[in-house]
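Participant: Make the full structure from the sequences, and use the hints.
Residue numbers for the sequence shown follow the working numbering, beginning at 127 and rising by one.
For the record, the hints were derived by calculation from the structure and aren't laboratory data.
Do not take every clue at face value.
[What the hints assert, rightly or not] Pair ranges (Cβ atoms, derived):
1. Pro208 x His260: 38 to 44 Å
2. Gly244 x Val317: 53 to 59 Å
3. Thr305 x Arg232: 20 to 26 Å
4. Leu316 x Ser274: 25 to 31 Å
5. Arg158 x Ala179: 16 to 22 Å
The beta-carbon is built from N, C-alpha and C at its ideal position, and this holds for glycine as well.
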Amino acid sequence: MRSRTWATVTAAVILAVLGAASDAQAQIVSFRSIRDAVPGKFFDAATTARDPANLNRLLIGFNTGFNLTTFIANDFRASALPFSNRSAMDTISFTVKAPIGFYIARITYTERGTGFTGRTDISAGGATWVVAGHPFSLGVFSNNPNLSRTVDLTGSRPTSVPVSITVSLFASTGSVAVTSADVVVTVLPLVQ
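Facilitator: Written out as C-alpha coordinates, the structure reads:
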(Lines of atoms letter the chains of each structure in order from A and count residues from 1; the text may use other names and numbers.)
(Lines give C-alpha, C1' and ligand atoms only; values in the text may rest on other atoms or scores of the structure.)
Protein backbone atom coordinates (compact mmCIF):
# COMPACT_ATOMS: atom_id res chain seq x y z
CA MET A 1 0.00 0.00 0.00
CA ARG A 2 2.80 2.39 0.91
CA SER A 3 4.67 1.66 -2.31
CA ARG A 4 1.56 2.47 -4.38
CA THR A 5 1.15 5.80 -2.58
CA TRP A 6 4.85 6.55 -3.08
CA ALA A 7 4.60 5.67 -6.79
CA THR A 8 1.52 7.88 -7.19
CA VAL A 9 3.23 10.84 -5.49
CA THR A 10 6.38 10.35 -7.58
CA ALA A 11 4.36 10.21 -10.82
CA ALA A 12 2.46 13.37 -9.85
CA VAL A 13 5.71 15.23 -9.10
CA ILE A 14 7.23 14.15 -12.44
CA LEU A 15 4.13 15.29 -14.35
CA ALA A 16 4.12 18.63 -12.52
CA VAL A 17 7.80 19.23 -13.32
CA LEU A 18 7.37 18.29 -16.99
CA GLY A 19 4.25 20.45 -17.25
CA ALA A 20 6.07 23.43 -15.74
CA ALA A 21 8.98 22.93 -18.13
CA SER A 22 6.69 22.95 -21.16
CA ASP A 23 4.94 26.10 -19.89
CA ALA A 24 8.31 27.83 -19.40
CA GLN A 25 9.36 26.97 -22.94
CA ALA A 26 6.12 28.43 -24.29
CA GLN A 27 6.85 31.88 -22.78
CA ILE A 28 9.39 32.91 -25.44
CA VAL A 29 8.69 36.18 -27.24
CA SER A 30 9.64 36.87 -30.84
CA PHE A 31 11.51 39.95 -32.03
CA ARG A 32 10.39 40.98 -35.52
CA SER A 33 11.20 43.63 -38.14
CA ILE A 34 14.53 44.71 -36.61
CA ARG A 35 15.77 47.84 -38.42
CA ASP A 36 18.24 50.65 -37.80
CA ALA A 37 18.17 54.15 -39.26
CA VAL A 38 21.86 54.48 -40.20
CA PRO A 39 22.95 51.25 -41.94
CA GLY A 40 26.68 50.58 -41.72
CA LYS A 41 27.27 52.79 -38.67
CA PHE A 42 26.43 52.79 -34.96
CA PHE A 43 23.56 50.29 -34.26
CA ASP A 44 23.64 47.17 -36.46
CA ALA A 45 20.30 45.48 -37.15
CA ALA A 46 22.03 42.60 -38.96
CA THR A 47 23.98 41.49 -35.85
CA THR A 48 21.16 42.22 -33.39
CA ALA A 49 20.04 38.83 -32.08
CA ARG A 50 18.32 36.94 -29.30
CA ASP A 51 20.53 36.01 -26.32
CA PRO A 52 21.02 32.20 -26.33
CA ALA A 53 21.10 32.22 -22.50
CA ASN A 54 17.82 34.19 -22.18
CA LEU A 55 15.54 33.93 -25.21
CA ASN A 56 13.48 36.93 -24.02
CA ARG A 57 16.56 39.18 -24.21
CA LEU A 58 17.55 40.98 -27.42
CA LEU A 59 21.26 41.79 -27.69
CA ILE A 60 21.60 44.92 -29.81
CA GLY A 61 24.41 44.69 -32.33
CA PHE A 62 26.92 47.43 -33.10
CA ASN A 63 28.93 48.18 -36.21
CA THR A 64 32.71 48.04 -36.06
CA GLY A 65 35.59 48.99 -38.29
CA PHE A 66 35.79 52.17 -40.33
CA ASN A 67 34.67 53.72 -43.61
CA LEU A 68 37.25 52.84 -46.27
CA THR A 69 36.76 56.18 -48.05
CA THR A 70 36.85 58.59 -45.11
CA PHE A 71 38.62 56.42 -42.50
CA ILE A 72 35.95 57.54 -39.99
CA ALA A 73 35.09 54.89 -37.36
CA ASN A 74 31.72 53.07 -37.60
CA ASP A 75 31.38 52.27 -33.88
CA PHE A 76 28.85 54.11 -31.70
CA ARG A 77 31.26 56.76 -30.44
CA ALA A 78 31.55 60.55 -30.54
CA SER A 79 35.05 61.90 -30.06
CA ALA A 80 37.33 64.79 -30.92
CA LEU A 81 40.06 62.32 -31.85
CA PRO A 82 41.14 62.07 -35.49
CA PHE A 83 39.02 59.76 -37.68
CA SER A 84 36.13 59.91 -35.24
CA ASN A 85 32.58 61.23 -35.46
CA ARG A 86 31.97 64.45 -33.54
CA SER A 87 28.35 63.33 -33.28
CA ALA A 88 26.74 59.91 -33.53
CA MET A 89 23.00 59.26 -33.62
CA ASP A 90 20.99 56.20 -34.60
CA THR A 91 17.61 54.58 -34.03
CA ILE A 92 16.90 50.88 -33.80
CA SER A 93 13.31 49.64 -34.03
CA PHE A 94 11.59 46.28 -33.73
CA THR A 95 8.32 44.67 -32.70
CA VAL A 96 8.00 42.34 -29.71
CA LYS A 97 5.36 39.62 -30.09
CA ALA A 98 4.17 37.61 -27.08
CA PRO A 99 3.48 33.87 -27.40
CA ILE A 100 -0.13 32.69 -27.59
CA GLY A 101 -1.83 32.98 -24.20
CA PHE A 102 0.60 35.60 -22.86
CA TYR A 103 0.96 39.38 -22.89
CA ILE A 104 3.99 41.66 -22.66
CA ALA A 105 4.15 42.91 -19.07
CA ARG A 106 7.45 44.83 -18.99
CA ILE A 107 10.21 45.88 -21.36
CA THR A 108 13.61 46.95 -20.01
CA TYR A 109 16.34 48.68 -22.02
CA THR A 110 19.90 48.70 -20.64
CA GLU A 111 22.84 50.53 -22.19
CA ARG A 112 26.51 50.43 -21.23
CA GLY A 113 29.45 52.43 -22.45
CA THR A 114 32.47 54.55 -21.70
CA GLY A 115 33.31 58.20 -21.63
CA PHE A 116 36.18 60.50 -20.99
CA THR A 117 35.92 64.10 -20.02
CA GLY A 118 39.06 65.88 -18.92
CA ARG A 119 39.14 69.17 -17.14
CA THR A 120 38.05 71.19 -20.16
CA ASP A 121 36.68 68.37 -22.35
CA ILE A 122 33.05 68.40 -23.39
CA SER A 123 30.92 65.41 -24.39
CA ALA A 124 27.22 64.66 -24.00
CA GLY A 125 24.50 62.29 -25.01
CA GLY A 126 20.91 61.35 -24.58
CA ALA A 127 18.55 58.50 -25.27
CA THR A 128 14.81 58.21 -25.80
CA TRP A 129 12.49 55.40 -26.70
CA VAL A 130 8.95 54.93 -27.93
CA VAL A 131 7.18 51.85 -26.55
CA ALA A 132 3.68 50.96 -27.78
CA GLY A 133 3.32 54.48 -29.21
CA HIS A 134 4.30 56.26 -25.97
CA PRO A 135 7.57 58.27 -25.84
CA PHE A 136 9.84 58.07 -22.79
CA SER A 137 13.19 59.60 -21.87
CA LEU A 138 15.91 57.07 -21.12
CA GLY A 139 18.22 59.79 -19.83
CA VAL A 140 20.86 62.37 -20.65
CA PHE A 141 24.53 62.13 -19.72
CA SER A 142 27.93 63.74 -20.16
CA ASN A 143 30.61 61.07 -19.97
CA ASN A 144 28.70 58.11 -18.47
CA PRO A 145 26.24 56.56 -20.94
CA ASN A 146 25.27 53.69 -18.61
CA LEU A 147 21.51 53.69 -18.09
CA SER A 148 18.53 51.37 -17.69
CA ARG A 149 14.79 51.98 -17.81
CA THR A 150 11.67 49.81 -17.66
CA VAL A 151 8.21 50.40 -19.10
CA ASP A 152 5.38 48.57 -17.32
CA LEU A 153 2.60 47.52 -19.71
CA THR A 154 0.50 45.42 -17.31
CA GLY A 155 -2.35 47.95 -17.44
CA SER A 156 -2.87 47.51 -21.19
CA ARG A 157 -1.81 43.81 -21.51
CA PRO A 158 -0.62 44.03 -25.15
CA THR A 159 0.39 40.95 -27.13
CA SER A 160 2.43 42.93 -29.68
CA VAL A 161 4.51 46.03 -28.93
CA PRO A 162 6.48 48.22 -31.35
CA VAL A 163 9.70 49.61 -29.82
CA SER A 164 11.98 52.34 -31.16
CA ILE A 165 15.19 53.39 -29.36
CA THR A 166 17.20 56.51 -30.30
CA VAL A 167 20.63 57.31 -28.89
CA SER A 168 22.55 60.53 -29.61
CA LEU A 169 26.18 61.29 -28.71
CA PHE A 170 28.12 64.55 -29.12
CA ALA A 171 31.72 65.55 -28.39
CA SER A 172 33.60 68.79 -28.95
CA THR A 173 36.75 67.79 -27.06
CA GLY A 174 36.00 64.69 -24.92
CA SER A 175 34.66 61.31 -25.98
CA VAL A 176 31.65 59.14 -25.19
CA ALA A 177 30.71 55.71 -26.57
CA VAL A 178 27.94 53.15 -26.27
CA THR A 179 29.54 49.69 -26.28
CA SER A 180 26.61 47.36 -25.54
CA ALA A 181 22.84 47.45 -25.17
CA ASP A 182 20.02 44.98 -24.67
CA VAL A 183 16.26 44.71 -24.24
CA VAL A 184 14.68 42.25 -21.80
CA VAL A 185 10.99 41.37 -22.09
CA THR A 186 8.82 39.94 -19.30
CA VAL A 187 5.60 38.14 -20.23
CA LEU A 188 2.66 37.06 -18.08
CA PRO A 189 -0.32 34.79 -18.82
CA LEU A 190 -3.41 36.53 -20.23
CA VAL A 191 -5.66 34.49 -17.94
CA GLN A 192 -4.73 34.46 -14.26
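Participant: Enumerate the violated hints, using their earlier numbering and listing them in ascending order.
Facilitator: Violated: none.
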